[in-house]
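Note that the protein sequences, when read in sequence, are chains A and B. Residue numbers for the first sequence follow the working numbering, beginning at 1 and rising by one. Residue numbers for the second sequence follow the working numbering, beginning at 1 and rising by one.
I should point out that these hints are in silico values taken from the structure, not numbers from a laboratory. Cβ atoms here follow ideal geometry from the backbone N, Cα and C, with glycine treated the same way. Among the hints, a few may not be true.
For each label pair, taking beta carbons as the anchor points, the in silico distance ranges come out as [unchecked claim]: (1) B:Asn-248 - A:His-53: 22 to 32 Å; (2) B:Glu-121 - A:Glu-154: 39 to 49 Å; (3) B:Gly-33 - A:Gly-14: 38 to 48 Å; (4) B:Gly-33 - A:Phe-30: 42 to 52 Å; (5) A:Thr-89 - B:Glu-219: 45 to 55 Å.
Covered by chain A, according to a simulated footprint, are these stretches of chain B (three or more residues, beta-carbon under 8 Å) [what the hints assert, rightly or not]: (6) 62–75; (7) 115–128; (8) 141–154; (9) 187–195; (10) 247–253; (11) 264–276; (12) 303–312.
Lysine to aspartate or glutamate pairs mimicking DMTMM-like chemistry, simulated, CA-CA at most 20 Å apart [as the list claims (entries may be wrong)]: (13) B:Lys-186 - A:Glu-249; (14) A:Lys-222 - B:Asp-183; (15) B:Lys-326 - B:Glu-225; (16) A:Lys-232 - B:Asp-292; (17) A:Lys-255 - B:Glu-319; (18) A:Lys-174 - B:Asp-182; (19) A:Lys-172 - B:Asp-70; (20) B:Lys-186 - A:Asp-116; (21) B:Lys-133 - A:Asp-22; (22) A:Lys-172 - B:Asp-292; (23) B:Lys-322 - A:Glu-250; (24) A:Lys-217 - B:Asp-150; (25) B:Lys-322 - A:Asp-56; (26) B:Lys-322 - A:Asp-246; (27) B:Lys-284 - A:Glu-250; (28) A:Lys-139 - B:Asp-182; (29) A:Lys-217 - B:Glu-146; (30) A:Lys-217 - B:Asp-292; (31) A:Lys-174 - A:Asp-56; (32) A:Lys-172 - B:Asp-183; (33) A:Lys-103 - B:Asp-112; (34) A:Lys-217 - B:Asp-125.
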Amino acid sequence: MNILVCVKRVPAPGARINITSDGQQVDTAFLGFTVSPHEECAVEQAVQLIEKHGGDVTVLTLGPTEAEEQLRTAVSTGATKAVLVPIDTTDWDPQRTAQAIAKVIGELEATNGKYDLVLFGNESADSCGYQVGVRAALKLGRPIVNGAKGLDIENGVAVIRRESDAGVEIYKLKMPACVGVKEGINLPRYPTMKGRLASKKVEITQSTASGEIGGLKLITLKRPPERASNTKILGNGPEAASAVVDLLEELGVFK
Amino acid sequence: MTVLAVVEHDRGTITDASLGVLTAARNLAKQMGAKFEALTIGANADALSEVISKYGATTVHQAHNAMLTDFGPEAWGESIAQVVRKTSPQVVISSGTERGHEIIAQAAARLDLPAAMNCLEFDKDFNGTQPLKVVRARWGGSLMEETEIDAPIKLVTLANHIVEGAEEPTSSTIAVFEVDLDDSVKQTFVQDRVERVAGVTLATSPVVVSGGRGVGSAEAFAPLEELAGLLNGVVGCSRAVTNNGWRNHTDQVGQTGTRIAPDIYIACGISGAIQHWVGAMASKNILAINIDAQANIVTKAGYAVIGDLHVVVPAISAEIRKRHPK
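Make the full structure from the sequences, and use the hints.
Structure representation (structure tokens):
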């Protein structure tokens, strides 16, 4: 089977996120970058599916040229092909992004045939828009279900498990289909030695991004108000146990 | 002018998040001098009109179609799109939940309109005629963004727990709307369900004892399990723990795990990176146990013990046994 996974390059923040002075971006001067977590799991799920059923996993990213790094990471963990759709900023708005991705997928499919599955992350870790996958799927004329915590192929049908307050919901989609994947669906593997070699050699296909600017306009990023905290140190080491239990009693934990 | 609240429900049971959405929609409508209307999807939600009238909607649109017996993101999104085309509201608002985000995204895609998810604030000067400025959550809430929605109809979701439901009863008019759904939306309905066994979960437990990288191994969680047991709580963990395969992802507290709000959160050997903090910050009290007094979680927590969790946690359990023998 043929699977395409859309991934996004995002900063890997530590304890604090800083903003550039113009308020337009996260200050990444001291940050590394990673594949957005839900999408990292989408790559792993796709790789597990082709290990079982055979086929190819293509990773696609719309982002700065540096996002080639994330494509190579995906190949080092089992993806077989990579497509970069370069843009000159770090982010496009969701409508524009979806339009560009759907167009590139259409072009790839014109030469390679249809992908059985197109996977997205449920939402990106940084902008949290919750909509690019849905918009792209509609443009491709394919069904999409988000929130997948399980994805298997049974009798040629994509079976999706999704958690809700009440339990687990099962969805069944005829392929070709799109799925929005959530972290927890699997535990992504680490790059293998073979994978690392493949990631160095893989040819990165470049496609051109095009899409009309959408109606969501970023004015400025802001830091949320800091939670005022004067940490009360209850003690050092095991001697603090008594003070801890005092606190737990005070909070009514034993009532 | 109209503000339309899309009411999230599960086979006729309204969600808590929807009550906040109804309240926020009513407040926004008042500010704009607009009508406040609501939409329920599926005949199994018709009875909710009674609840909705308590929140002040003057009209409740009831979207009907024989297909609408359970949740289906595409059919729900299409239903919203058709009601929006017919009623032309200025603002459409639903809940900042998995379903809420999904159906608003579906409706926005079908209407080719922008959508802003997880809104925290709406422009106080918005009167319905200009672009709508909102503040929305990014990075799971550790960063905010001021954004302008420039479109004739503004679609948004309201971040969870931002607005409390407050009643303001009125008598609502019911408007049944027959939705035209074709087979293209048929296959994304829920096909089957596995109900959860009732009990305390990570999301609802009043006490959570959580471990991070500092715990060191899967086996080393045993003392945390013991402490959680003594406090009738549950065990959670950070993303580092899940990534190491020490615990299942269902135990993960954080941006991509579970958001929790217990009475007390005991964070053992957790540094408190952004990803984790945004999942734990709603806790009423936080006790950090960490060898590093400068760890991010220690500086943010209300209470801290500086020391090795491997000796501190068993000492706390021993003290509890001494004072509260069972």
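Hint check:
1. B:Asn-248 - A:His-53: 22 to 32 Å: Given a distance of about 26 Å, which is inside 22 to 32 Å, the answer is holds.
2. B:Glu-121 - A:Glu-154: 39 to 49 Å: holds (45 Å)
3. B:Gly-33 - A:Gly-14: 38 to 48 Å: Since the Cβ atoms of Gly-33 of chain B and Gly-14 of chain A sit about 47 Å apart, the hinted range of 38 to 48 Å holds.
4. B:Gly-33 - A:Phe-30: 42 to 52 Å: Roughly 49 Å apart at Cβ, these two residues keep to the hinted range, so it holds.
5. A:Thr-89 - B:Glu-219: 45 to 55 Å: Since the Cβ atoms of Thr-89 of chain A and Glu-219 of chain B sit about 47 Å apart, the hinted range of 45 to 55 Å holds.
6. 62–75: Check passed, 3 qualifying residues.
7. 115–128: holds (count 4)
8. 141–154: holds (count 11)
9. 187–195: holds (count 9)
10. 247–253: Held - the stretch 247–253 of chain B has 3 residues with a Cβ nearer than 8 Å to chain A, which meets the minimum of three.
11. 264–276: holds (count 6)
12. 303–312: Holds, because 8 residues of the stretch 303–312 of chain B bring their Cβ atoms closer than 8 Å to Cβ atoms of chain A.
13. B:Lys-186 - A:Glu-249: violated (54 Å)
14. A:Lys-222 - B:Asp-183: violated (44 Å)
15. B:Lys-326 - B:Glu-225: holds (17 Å)
16. A:Lys-232 - B:Asp-292: Judged against 20 Å, a Cα distance of about 15 Å means the pair holds.
17. A:Lys-255 - B:Glu-319: holds (17 Å)
18. A:Lys-174 - B:Asp-182: holds (16 Å)
19. A:Lys-172 - B:Asp-70: holds (14 Å)
20. B:Lys-186 - A:Asp-116: holds (19 Å)
21. B:Lys-133 - A:Asp-22: holds (18 Å)
22. A:Lys-172 - B:Asp-292: Since the Cα atoms of Lys-172 of chain A and Asp-292 of chain B sit roughly 48 Å apart, the hinted pair is violated (cutoff 20 Å).
23. B:Lys-322 - A:Glu-250: The given pair, whose Cα atoms are some 17 Å apart, holds under the 20 Å limit.
24. A:Lys-217 - B:Asp-150: holds (7 Å)
25. B:Lys-322 - A:Asp-56: violated (60 Å)
26. B:Lys-322 - A:Asp-246: holds (13 Å)
27. B:Lys-284 - A:Glu-250: holds (13 Å)
28. A:Lys-139 - B:Asp-182: holds (17 Å)
29. A:Lys-217 - B:Glu-146: holds (9 Å)
30. A:Lys-217 - B:Asp-292: With Cα atoms ~42 Å apart, Lys-217 of chain A and Asp-292 of chain B exceed 20 Å; violated.
31. A:Lys-174 - A:Asp-56: Given that 20 Å is the threshold and the Cα spacing comes to 19 Å, the pair holds.
32. A:Lys-172 - B:Asp-183: holds (14 Å)
33. A:Lys-103 - B:Asp-112: holds (16 Å)
34. A:Lys-217 - B:Asp-125: holds (18 Å)
The structure shown violates the earlier hints numbered 13, 14, 22, 25 and 30.
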